[in-house]
Amino acid sequence: MKAWIWPRTSDGKPGRQGRRDFRKSRSEFFEKFATPGGPVKVIIDGINSFARRIPTWVVYSAYLIPAVWLFYQGVYGGLGPDPVKALEHELGKTALQLLIIGLCITPLRRFTGLNLIRFRRAIGLLAFTYVVLHLLVWAFLDVQSLSRVAQDIIKRPYITIGIAAFVLLLPLAATSNNWSVRKLGPAWRKLHKLTYLAVILGGIHYIWLVKGIQIEPLVYMAVILGLLSLRLVKTPKRGPAARPNR
Amino acid sequence: MAHRWINTLKESDVTPEAAFLNRRQLMAGAVAGVGLAGISGGRVRAEGELQPNSYEDITSYNNYYEFGTGKGDPARNAGTLTTKPWTVKIDGLVDKPGDYNFEDIMKAMTIEERIYRFRCVEAWSMVVPWDGFELADLLEMAGVQSAAKYVAFETVLRPDEMPGVRFPVLDWPYVEGLRLDEAMHPLTIMATGIYGKDIPNQNGAPLRLVVPWKYGFKSIKSIVRITLTDSEPPTSWNKANAREYGFYSNVNPEVSHPRWSQATERPLGGGLFAGRQDTLMFNGYGDEVASLYEGMDLAKNF
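In the order they appear, the protein sequences are chains X and E.
Mapping of the first sequence onto my numbering: residues 5 to 250, in sequence order.
Mapping of the second sequence onto my numbering: residues 292 to 593, in sequence order.
One chain only, chain E, in its complex shape:
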């Protein structure tokens, strides 16, 4: 069910883009609701602080190691990725397993705009105006069985189109996972656009996960498979270095990454002399998600 979470930002906070406005008119019904409700919002920090980054910044500074480990590599190299046609295999503990065509998914889903903070484990952050649908809606479409407790995700692996996978930087394909309640949370979305445009390849076209209260690497890109399981699925960075990357990877200023502090972050887009800012517990989404982890030791389950 869409619209379970409402942006705390005004529509006007997003940099206007011509293409964005065109598409917005098409989706007037969907977006107007968000906009109006947004005006009455204001739960998080002072609203002015949450200025979305420019389209240029968001789409030129990416970690997508299948296309190279440099931040500019994905924007340079991801053009080769074929995203049409695209199917997502949904299997495991679901009533209707199968290959779901991307176009069919888009017809069934309600696209809405979500302006989220995005916090990388490398201690930089951005604000991104995503377009997408709630993952819960997709999972409900496939029919989650009661035995399911986790959701596993897999990124496409195409050595012909992905120059980065020649090197064993990680154990390819990239895989991620969530607990079912995290996956069903209204904040968890599958993003298909940025600033009202189709999401560019370097940001994870045609559809990617966005879990705003977790470090960016949890938000797996270019998904081809979603599997409902009853046990915790393996996740790429945890496999690579379990001491440094846990399954949960919630944004937590009190738990340091062994190689860098997570207490503060550098918001990008401010130039060479921009200051750092304090990192917020659950990336500022504590009101919404802290209850998911009640009674858990977050230093142990990092």
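In isolation and in its complexed conformation, chain X is listed as follows:
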């Protein structure tokens, strides 16, 4: 079996043939290990059945408790000499991390069969909550004046971009409920592809706001682009020919 590695060529054969070979070797990998009874499949099935038993409120509280704790620390001096910036940055970074976790869910299911899709709404709504908290801390504790907030949005491009990302998330948060999913039908999936743009803008916002060339925001951006590019990968043909046991 050819190793399941990136980039997608095998035997040094580039182009269409190389890609075809690669896809073939990848499905061979799945046939061998990720089929019922195979070791990977057993582990994944185990995680899936465990995940099914976790109520979503666990995910909500796991992420809301840190926000409360951060705020508490800020009030009682646990965030250092500049608690406003510390809180603002931590909330923003957590929002970006949650958006990235949200981007992992579909590829995990597609490529490994790991199904965490029932937590996706919680992750998305939590990301939105952190974005809102980040914005509130910025506006009321940092800038402290609505006219200066307005000026900053207009005059400072990295803030304009951050606000644009927030605006893109608004309809997504508003339609993250069962009623909207039913009502919108196939349009719901299309609409929620706006996440891709929002998370890219979030990544740019982070790169742009730091001074000099810093590693951390570049790592975030690389992860974001990596996860988005997985959306362009074609899955091996599902069906009797490629995956006889499914």
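The reader is advised that the hints may include incorrect statements.
Claimed, not checked - DSS-like, lysine-lysine: derived pairs with alpha carbons at most 30 Å apart:
(1) E:Lys488 x E:Lys375
(2) E:Lys591 x X:Lys159
(3) E:Lys362 x X:Lys97
As the list claims (entries may be wrong) - So the derived list for chain X, only partly shown, Cβ under 8 Å to chain E, looks like this:
(4) Asp86
(5) Gln148
(6) Gly216
If you are wondering where the hints come from, they were derived from the structure by calculation, not from laboratory data.
Where is the CB? At the ideal position from N, CA and C, for every residue including glycine.
Based on the hints, put chain E in the right spot on chain X.
Quick look at chain E alone, frame taken from chain X:
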């Protein structure tokens, strides 16, 4: 010549520290003069407004990218920096170029306390009770030649001791510069202590520049070289982004940094709900330094 500038703050405004008092007694002659004159001072804003930040705040919240870009990184990582022995190379347009031993410099200089406002380009500020000597005294010791117009400074570069320089955040080593008249100004000091203690590594041990009317990044840390030149020397942040950081970088509430306003600042130490305050022209030192820039367009020469 020391004592050319007198603090407008009372001695009692500085948080007392045991170690500070001990050393202060040793330097009684030097400091008493500042203290007495300080009582009769009061040029700047209401004196009560200028409360120095705590030693803890000053030494735990630093921008010293050679030790990491997080504000707490320098305090965590700078312990590795060896500051003994330390020599400062003074060269260029001087009569007595050479390697000056830090101990010898300290013997020749008069250490005095200066309580200065410190304004970062990131729009936060502190008040710091520095100990140090006037840069002019050091430059006079080396003998400035008449052709000299600028002073260039360089920070030590030791990849083994500085984890931050593995990344090209800036073009290392960190360099800064001043016009000669700025360097000779009585407000411009080389700081060697804070609150009467030796300056900690994260604040730029063993000696750093402090130019209180300019944004903090001009006040270069851990200096190993001072060069007198006849042309404007390159400066690190200007090299990194000339649109955002000029050579002068005087504190100026009317000239915005492209990515943030400089009209106001957040004084640190006030907690989560502390208000902002208006930033003062030349960081409140306009009476002393505005004449240096007469006739210059400060929006162009930012």
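Hint-by-hint comparison with the structure:
{"no.": "1", "hint": "E:Lys488 x E:Lys375", "verdict": "holds, 16 Å"}
{"no.": "2", "hint": "E:Lys591 x X:Lys159", "verdict": "holds, 19 Å"}
{"no.": "3", "hint": "E:Lys362 x X:Lys97", "verdict": "holds, 16 Å"}
{"no.": "4", "hint": "Asp86", "verdict": "holds, 5 Å"}
{"no.": "5", "hint": "Gln148", "verdict": "holds, 5 Å"}
{"no.": "6", "hint": "Gly216", "verdict": "holds, 4 Å"}
When each numbered hint is compared with the structure, no violation occurs for any of them.
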